[in-house]
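J.: What follows is the residue order along each chain.
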Amino acid sequence: MSASLEKGINALKEQVDSSVAAFFSSCVHCGMCADACLFQTETGNPASTPIAKTEPLRRIWKSEYTLLGRLGKIFGLSKKVDEELLAEWETMVYDNCTMCGRCSMVCPVGNDIALMIRKTREGMAVAGYAPEGLIGAMNRAIKIGSPMGVKLPALLAQIKHIEADTGKTIPVDVVGAEYMLLLSSMEIMNFPKFIEAISKIFDKAGATWTISTEAFEATNTGIQIGVNDLAAELVQRTVDAAEKLKVKTVISPECGHAYMAIRWEGPNLIGKPYSFQVRHILEVLDSMRAEGRIKTDSKESQKLTYHAPCQVARRGGVIDEPRRLLDLFADNFVEMLDAGKMNWCCGAGGGVSSNERADEVRLEVFKRKKAQLEEVKPDALVSACANCRIHLEDGLEEYGMDIPVISLTETLAEHLADD
Amino acid sequence: MSEIALLEWVRGPGFQIATIILVVGVIIRIFEILMLGRKSNLAEAKGSEFASGMRTIVTRSVPTAESFKRSSLTIVAGYVFHFGLFVTIFLYAPHILLIKGVTGLAWPALPTPVVDIVAVVSIIALLVVLVHRFNNKVLRYLTTSGDLFAWFVTIAPLVTGYIAFHRIGMSGPALLAVHILSVELLMVVLPFTKLAHAFTIFMARWYNGAISGYRGVQS
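From first to last, the protein sequence lines are chains A and B.
So the first sequence is numbered by our numbering: it starts at 1 and just counts up by one.
So the second sequence is numbered by our numbering: it starts at 1 and just counts up by one.
Treat the hints as calculated values from the structure; they're not laboratory data.
Any given hint might turn out to be false.
Keeping only pairs whose Cα atoms sit at most 16 Å apart, straight-line, the calculated EDC-like set for lysine to aspartate or glutamate is [claimed, not checked]: (1) B:Lys69 - A:Asp17; (2) A:Lys248 - A:Glu178; (3) B:Lys39 - A:Glu14; (4) A:Lys341 - B:Glu32; (5) A:Lys13 - B:Glu66; (6) B:Lys39 - A:Asp17.
Some chain B residues near chain A, calculated using beta-carbon distances under 8 Å [claimed, not checked]: (7) Leu36; (8) Arg38; (9) Thr74; (10) Val76; (11) Val80; (12) Phe90.
Here a beta-carbon is modelled for each residue, glycine too, at the ideal position from N, C-alpha and C.
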């Protein structure tokens with residue numbers, strides 16, 4: 001057995017806890033998770049059945065942590081995890097799963113299959129079976145501080161542009177600010193208007209905020225590829241910066257997995273609770289709304305609908321906040337079928353968008369979002385994740401649909417009352 | 001061994017052995033799962049863990065409308081045979097007498113012709129499940145020999161019970177012995193096959209609800 005395979009197997013062993021054991025013990029192979037997964041419904045590929053993607057982890061659980069499995073192992077009857085299996089499963093685990101978690105919501109025995117796949121990735125990545133695109137992004141995140149290779153000068157240049165355009169100062173490294181804003185590389189490079197929107201809204205709301213030059217990157221490739229050590233290192237950078245600047249709240253921006261990483265996995269990765277709060281930008285804006293600190297004076301008359309990023313909504317718990325915020329400026333809002341916690345994934349989360357090998361399949365499974373959009377026929381599509389936005393635009397273009405994709409925060413900023 | 005001796009063995013020592021294996025097996029499996037433990041969550045909670053877990057144990061019994069539309073055959077056939085197993089095992093008068101003899105507990109039975117119909121419907125539902133398993137691409141991909149074995153030991157007591165009640169083929173004692181043996185086979189393999197979901201389902205659903213509920217989502 002090669003050293004990396006052995007490490008991968010050990011990583012899988014570490015992932016098995018009582019929840020995983022209860023899940024595998026309960027699976028009856030009913031196939032209902034397949035009907036909830038867009039990678040299965042849109043491609044018809046049976047190998048895309050969510051529970052099937054967990055096979056490497058299942059074999060380790062069975063042979064190491066069950067009585068019959070251990071007996072089987074002694075007699076050489078148990079199914080092994082080898083290089084062949086991992087090579088075959090790599091495309092299923094990374095290219096054909098966004099860890100959107102719809103499967104976890106329908107499994108009749110209650111298996112959190114998305115969690116099981118997340119854990120399967122831990123073994124795959126350590127054994128060296130992860131897509132090149134994600135490995136590259138991971139290396140850039142660790143070495144440069146950004147998966148897209150966005151360095152501090154690039155951020156400062158964008159800030160300068162915004163300051164020149166708006167005449168406002170973007171606070172950088174302000175000690176004692178209430179909020180510390182994180183940004184995804186995609187926001188810095190493709191959607192700098194987001195920073196402008198934050199500046200406008202927070203000014204009106206009278207909130208102090210800052211960006212840290214030491215930890216501005218929100219994304220966490222360690223979570224996507226499934227390497228807990230590296231994910232923890234990235235989380236620690238944010239924790240150090242937040243403690244240094246003595247902020248009360250760290251804001252996770254319009255990005256899905258960044259929120260999962262810093263809000264829900266972060267403290268568990270570094271092994272201790274935070275000394276500050278972490279909130280998604282939509283949660284922050286919604287609490288400002290509740291306090292009467294955000295007022296709008298104009299409405300959007302075009303028909304809007306909302307695409308919920310999976311890690312923010314179903315896996316993250318931010319479901320009602322965007323609806324209440326939309327209510328501030330949307331006159332003609334319609335929900336897509338299956339909206340809310342059962343919303344369909346765009347098809348590019350969980351590292352799929354960083355993985356070129358998955359380009360074809362992510363556009364193929366976009367047919368599900370396309371069908372959802374065709375039912376409500378919106379004039380514009382609102383979302384709250386830069387990665388979703390890029391892929392939604394890609395998918396809409398691929399299928400010749402002319403629907404602009406807009407950010408919730410940016411659109412809200414456009415409708416702020418002038419006092 | 002005569003028919004009567006066989007019947008006496010399956011009713012006596014056979015049943016005792018099967019019961020012991022069932023009980024010890026279930027304890028081993030539960031122990032095996034819980035012993036692994038689970039790290040406590042250090043992230044600030046947005047909702048309750050315990051209550052959400054308890055709620056999911058109940059709510060996961062009802063599929064969402066969309067899930068029902070996409071997996072209707074699996075859900076309907078599944079519900080029918082699970083309900084049928086409950087009725088035939090626990091609401092058939094001779095079974096209640098048996099349980100009363102062992103535990104002292106008793107409850108009213110359903111009229112025998114009703115149980116008879118339920119048994120037939122359950123057998124049909126299980127046959128539908130098997131055909132679906134072979135016809136559906138996803139299910140065919142997922143199916144292992146373990147699934148077929150579990151299917152066999154589940155349908156066997158229903159079929160042998162039906163035959164024993166209607167006295168088809170063999171003599172009464174022989175039919176009853178075969179029926180009890182098939183039940184004992186089910187009892188013995190239950191803890192060690194996917195049929196273990198009969199009890200691990202409560203743990204799995206609780207974990208699912210707890211993990212999600214902690215983040216403020218009712219799953």
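J.: Under the constraints set out in the numbered hints, which ones does this structure not fulfil?
T.: When the structure is compared with the hints, numbers 1, 4, 5, 10, 11 and 12 turn out to be violated.
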